[in-house]
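Colleague: The chain contents come next:
Protein chains: 2
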Amino acid sequence: MKSTSPSCPSHGSVVDLSSLRVACADCSLSELCVPLGLEEGDLDRLERIISRGRPVARGSRVYDAGDAFRSLYAIRSGSVKIYRTDAEGDTQIMSFHLPGEIIGVEAIATGTHTLTAEALEDLSLCELPFDRLDTLATQIPNLHHQLLRLMSREVLIEQEQIIVSSHRKPEQRVAHFILMMSERSRLRGCDGRCLRLGMRRGDIANYLGLALETVSRQLTRLQQAGWIQVSNRDIEILDLDALRAEAGITASPRENRHAS
Amino acid sequence: MKSTSPSCPSHGSVVDLSSLRVACADCSLSELCVPLGLEEGDLDRLERIISRGRPVARGSRVYDAGDAFRSLYAIRSGSVKIYRTDAEGDTQIMSFHLPGEIIGVEAIATGTHTLTAEALEDLSLCELPFDRLDTLATQIPNLHHQLLRLMSREVLIEQEQIIVSSHRKPEQRVAHFILMMSERSRLRGCDGRCLRLGMRRGDIANYLGLALETVSRQLTRLQQAGWIQVSNRDIEILDLDALRAEAGITASPRENRHAS
DNA sequence: CGATGACTTGACTGCTGTCAACGTGCGTGG
DNA sequence: CCACGCACGTTGACAGCAGTCAAGTCATCG
Chain C
1 MKSTSPSCPS HGSVVDLSSL RVACADCSLS ELCVPLGLEE GDLDRLERII SRGRPVARGS
61 RVYDAGDAFR SLYAIRSGSV KIYRTDAEGD TQIMSFHLPG EIIGVEAIAT GTHTLTAEAL
121 EDLSLCELPF DRLDTLATQI PNLHHQLLRL MSREVLIEQE QIIVSSHRKP EQRVAHFILM
181 MSERSRLRGC DGRCLRLGMR RGDIANYLGL ALETVSRQLT RLQQAGWIQV SNRDIEILDL
241 DALRAEAGIT ASPRENRHAS
Chain A
1001 MKSTSPSCPS HGSVVDLSSL RVACADCSLS ELCVPLGLEE GDLDRLERII SRGRPVARGS
1061 RVYDAGDAFR SLYAIRSGSV KIYRTDAEGD TQIMSFHLPG EIIGVEAIAT GTHTLTAEAL
1121 EDLSLCELPF DRLDTLATQI PNLHHQLLRL MSREVLIEQE QIIVSSHRKP EQRVAHFILM
1181 MSERSRLRGC DGRCLRLGMR RGDIANYLGL ALETVSRQLT RLQQAGWIQV SNRDIEILDL
1241 DALRAEAGIT ASPRENRHAS
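Chains as they are written, first to last, in the numbering used here: chain C, 1 to 260; chain A, 1001 to 1260.
By construction, these hints were calculated from the structure, which means they are not laboratory data.
Values in this document were obtained by computation on a predicted structure and should not be read as measured data.
Glycine included, each C-beta is placed from N, C-alpha and C at the ideal position.
Keep in mind that a hint or two might mislead.
Unchecked claim - Computed beta-carbon distance windows for the label pairs:
#, chain 1, residue 1, chain 2, residue 2, range
1, A, E1213, C, A87, 27 to 33 Å
2, A, E1047, C, A57, 48 to 54 Å
3, A, T1085, C, R217, 28 to 34 Å
4, C, D122, A, S1231, 55 to 61 Å
5, C, R45, A, R1233, 52 to 58 Å
6, A, D1239, C, R70, 40 to 46 Å
7, A, S1051, C, R221, 53 to 59 Å
8, C, D122, A, G1053, 55 to 61 Å
With the hints as constraints, model all of the structure from the sequences given.
Modeller: This is the structure we're talking about:
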């Protein structure tokens, strides 16, 4: 089962540390992040409240369920899994997040985190204190809109997940998962054909509501069909159209989901 | 299989038409709706942009997928199902909504409705033009917060649904569904022990990602166990604790989900 | 009162979860 | 540098449950 390992430069190389101090305007992720659509001066004011480059080691938490909600976080590098632990002690993974994405939104309503965000790899984050962000939003209409859109987008993403996890069969879920991650990688500037999954098979299975073995079997099935090339946690997409067909994707407004 | 029909006054009697013109402050649903937390004067300004009492006949649409997004709608009476139709023509029900709840939030990000909202019964709605609401929100910080919380709550609700539909077994899904609807009825002032479901079995099945027959079987099973009493679309809850146990509910922050 | 659609119940099949064994890669320590 | 151990991943066997198909019952409305 040894195969030509899909070797993409992707994010094996973490963001250069020297870049951690750059301004939002110069950040390679700025198009994905909050500043979108802001004027020069407004951007300045926003930047003043953001603290950049907070590092989080793999396995550590960005925030824990039960923590008071203080900030949103923008991921600069690394990836995050967000999960909920119920009273029985089962954990249920709600989402994975890649650089350029903003996490913490779900806590705005309650003021308390109900979910836990854990680093799948070493992270670097930008912290956006919410009270100040909120105050600023009342002064900068564009920022206000950006916040609303951010949350509305979250709703859309979750709707997609509801459909996938309640109406799709295992093969469709796995294919969809690969496509989704690929698409989001592409937004970050990666190839899109190649992706490195930061999470274990069990995490994927949990996220998709499947058994670990089912995910594994589907991956080998997709590989045997020639649609993808799997090597450990690296996946190369060989036949995008076939995968799309497999996922049951037709003409959904995909560009609206993780891009702005 | 004929049974003592659970006869609750609930919303068999629709809201008195004469009440449709009342101000938000006098509306029995005001605690569930936007005005929450607003000052006297602010409420006035908000009310001026709301048009009240738009009727929608059962089976008609409040908005259609593809429509331009113009307004949010608060439900005054009746119930709504919101669904998505994919390119294969399959419809997938995303949510049901009861009086006091606000629909349309998911379209804010894109500016276009991606879902269709259809009346399960005759409806009366309040329309909240979004551009004016949005403008007002920049002037009234509390309204701005209320909008954010509204959307964040939507995120929480959908998270719950993701968990239920991807991690729970059929018996848990059905039990959970009954509890959820009951809880939301209770917020509207109904008994909570009795509820009338406006939707068909097929709708419930679609929503929960199950086969129609599975829903039916689970309902009869719950009835045979003595937890509930089913009579057509009326359901009476006989043993709340047993149902909760069945649903796998333990100590989730339930009060944060549909209440403010 | 009949027709139509909604719901229930039954029989059966296929798929997915579970359990279990085996393979593989990686890091550690000798 | 190699050997070992451990965690992760894959593969196989099997059983149970949910989906499908089909028939039958019930409610609603003209």
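Colleague: Hint compliance check: list the failing hint numbers for this structure, sorted ascending.
Modeller: Per hint list: zero violations.
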